[in-house]
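Participant: Read off the chains here:
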Amino acid sequence: MKRSDVDVAVIGGGPAGLAAALAARNEGASKVLIIERNHELGGILQQCIHHGFGLHRFKAELTGPEYAQRFINLVKETDIEVLLETMVLEVRDDRTIYAVNSTDGMLEIGAKAVVLAMGCRERTRGALRIPGKRPAGIFSAGTAQRYLNIDGYIPGKKAVILGSGDIGLIMARRLALEGAQVEAVVEILPYAAGLARNVVQCLEDFDIPLILQSTVVQIHGDDRLEAVTIAKVDENWKPIPGTEQKIECDTLLLSVGLIPENELSREAGVALDPITNGPKVDDTLMTSVPGVFACGNVLHVHDLVDNVSKEAERAGAFAGRYALQQQADAARRVKVEAGENIRYVVPHEISLDKPVEFFMRVQRPEQNVVLDLGGLRTVKKPSVRPSEMLNITLTEEMLSKLEGDTLTVRIVPQKEDGVDA
Amino acid sequence: MRKSLTCTVCPLSCDVVLEIGENNEILSLTGNKCARGKVYATKEHTAPERTLTTTVKTKGGSLPLLPVRSDQPIPKPMLKKAMEATADLVVDAPVKMGDIVIENFLDLGVNLVASRDLDRAH
Ligand code: SF4
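If you read the protein sequences in the order shown, they are chains G and E.
Counting in the numbering used here, the first sequence runs from 1 upward without gaps.
Counting in the numbering used here, the second sequence runs from 422 upward without gaps.
It should be emphasised that the hints constitute simulated quantities derived from the structure, not laboratory data.
Misleading hints may appear alongside valid ones.
Label-pair distances were calculated between CB atoms; the ranges are [unchecked claim]:
{"#": "1", "chain 1": "E", "residue 1": "D509", "chain 2": "G", "residue 2": "D205", "range": "22 to 30 Å"}
{"#": "2", "chain 1": "E", "residue 1": "P485", "chain 2": "G", "residue 2": "G110", "range": "37 to 45 Å"}
{"#": "3", "chain 1": "E", "residue 1": "D528", "chain 2": "G", "residue 2": "V100", "range": "52 to 60 Å"}
{"#": "4", "chain 1": "E", "residue 1": "K424", "chain 2": "G", "residue 2": "N101", "range": "44 to 52 Å"}
{"#": "5", "chain 1": "G", "residue 1": "M106", "chain 2": "E", "residue 2": "L510", "range": "40 to 48 Å"}
{"#": "6", "chain 1": "G", "residue 1": "K2", "chain 2": "E", "residue 2": "E505", "range": "51 to 59 Å"}
Derived SDA-like pairs (lysine to any residue); straight-line CA-CA distance at most 25 Å [what the hints assert, rightly or not]:
{"#": "7", "chain 1": "E", "residue 1": "K502", "chain 2": "G", "residue 2": "G152"}
{"#": "8", "chain 1": "E", "residue 1": "K459", "chain 2": "G", "residue 2": "G152"}
{"#": "9", "chain 1": "E", "residue 1": "K517", "chain 2": "G", "residue 2": "A196"}
{"#": "10", "chain 1": "E", "residue 1": "K502", "chain 2": "G", "residue 2": "V200"}
{"#": "11", "chain 1": "E", "residue 1": "K464", "chain 2": "G", "residue 2": "A196"}
{"#": "12", "chain 1": "G", "residue 1": "K380", "chain 2": "E", "residue 2": "K502"}
{"#": "13", "chain 1": "G", "residue 1": "K76", "chain 2": "E", "residue 2": "G519"}
{"#": "14", "chain 1": "G", "residue 1": "K381", "chain 2": "G", "residue 2": "I150"}
{"#": "15", "chain 1": "E", "residue 1": "K454", "chain 2": "G", "residue 2": "E61"}
Don't be surprised by glycine CBs; every beta carbon is placed ideally from N, CA and C.
Chain G extracted, bound-state conformation (with noise of 0.2 Å):
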């Protein structure tokens, strides 16, 4: 078996990957390895051909596969080694790393440092439990958008796409633009679960009906898809007898959320949130495994790339730095919990040293409320909804007055004053 050593070793050469790669090696880690399983570099953004990446980024509105190409160009300056069509069967928790590859056969990889950016996957219809039979025709919204869009077949002619998240309704306009026609969206929740914009560009602009607090209660058809049967839902998502409406289609698309990839980072001993369903973390993005860090969706599934890139960056920087042994041990370390309407925050732990950046998402949409940072920190929101992370820094200066050994994350109503905007 071919044996390599190296100071960081990144899994999984997406988004996150790339730019926790980048990093490490920018902190002066000088072997640094990706690891990728498909083909080539950019993850699912190569897939995402639509626009309205890189907002904040790059200030302007990039495809999945622009966005993705100007990190892969920046890679490809520098020394960072690429494995691509290899595939990871196992990180141990001294962070040596098995692999395979046609080429190389079994790989063994010493790294320093890892970094996990495996990413996420889909939810499937098996996870959702819809009775009838399995006919052909039924697809995660994710593979049809691959079948479209890499392989250039389109997955059917009729469809019903159950999830108004973002991939949702951005594949509902790509079926309407390839002249597929698009019956309805369904979702179980009482709003959009995706962007507005991506509502008014994706369903009002094709017409596209979205059927909300509804699911899908039957699938019929033996071979081929015919037909699903849709249900109105109580406030507790049980169907309701007697709303039944039967919309024939030959495709369903599933956009049923996100699960976090997480089956390397389980077995090397990895402690996972189970809100997140992704790694806990502390705020250098390090996990309960020393040496071993993790960004992007395989931590928590993001909703904006750009989120992404600078969390890698970060995860990618401390790795790197890891590797070179220039990590001071924090002498005070605080717990972060979710508080009152908040679902969950990343990182779980912090140190108090340096700035952290916190990610978090709400339970139940909300209208002018506060978000309280442990009283360290309040910001003012007009509104905040579950599908909208949020993102808050706290400065050195602002952890320093923290008493106690928790910081309490909480959504609190707005006063007339007394908070920063």
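Please build the complex by placing chain E with the ligand on the supplied structure of chain G, with the hints as guidance.
Facilitator: Structure of chain E with the ligand alone, referenced to chain G:
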């Protein structure tokens, strides 16, 4: 006539209500919480624009399709025609991101450009 639009400029997604006169002129515009909403709603009423993103076939490339985009937004009513115009297009590999696939696309004063690099098949 009354027309309502969702402002898509920021996540607040204000519902902007326009009062439209007989000559399609805007009589009043309410519901926007900031000035950018007014600019957006005015543009969206008078001449809505969208960026076209799609794929074209490739010849000799490492992938069967090349993602392309209009380098500027085009008038919304032109989207369908633009899709038709790209349906039979074939681009020769190799291609670099930003390469012009069609200049002055449909005489709209915008270019259709490649969204990524595409190597030759090996
Ligand atoms: S009007 Fe202003 S505040 Fe309202 S959505 Fe548009 S940009 Fe945002």
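Participant: State for each hint whether it applies.
Facilitator: Against the structure, the hints:
The hinted range of 22 to 30 Å is satisfied by D509/E and D205/G, whose Cβ atoms lie roughly 24 Å apart. The hint said 37 to 45 Å for the Cβ distance between P485/E and G110/G, and at roughly 39 Å that hint holds. About 53 Å separates the C-beta atoms of D528/E and V100/G, a value consistent with the hinted range of 52 to 60 Å. Hint check: K424/E to N101/G, Cβ distance near 58 Å, so the stated range 44 to 52 Å is violated.
Checking the proposed 40 to 48 Å range against M106/G and L510/E shows it holds: the Cβ atoms sit about 44 Å from each other. For the pair K2/G and E505/E, the supplied restraint of 51 to 59 Å holds, since their beta-carbon distance comes to about 52 Å. Our distance criterion of 25 Å between C-alpha atoms is met by K502/E and G152/G, whose separation comes to about 20 Å. The straight-line distance between the Cα atoms of K459/E and G152/G is roughly 40 Å, outside the 25 Å bound, and the hint therefore fails.
Restraint check for K517/E and A196/G: the C-alpha separation of about 33 Å exceeds 25 Å, so the hint is violated. Pair hint K502/E plus V200/G holds up; C-alpha atoms about 20 Å apart against a cutoff of 25 Å. Restraint check: the Cα-Cα separation between K464/E and A196/G comes to about 17 Å, which is no more than 25 Å; the hinted pair holds. Taken as a hint, the K380/G and K502/E pair is broken in the structure, with Cα atoms around 45 Å apart against an allowance of 25 Å.
For the hint pairing K76/G with G519/E, the CA-to-CA distance comes to about 18 Å; that is within 25 Å, so the pair holds. Under the criterion of a C-alpha separation no larger than 25 Å, the hint pairing K381/G with I150/G is inconsistent with the structure, at around 39 Å. Proposed proximity of K454/E and E61/G is supported: the alpha carbons are some 23 Å apart, at most 25 Å.
Taken one by one, the earlier hints fail for this structure at numbers 4, 8, 9, 12 and 14, listed in ascending order.
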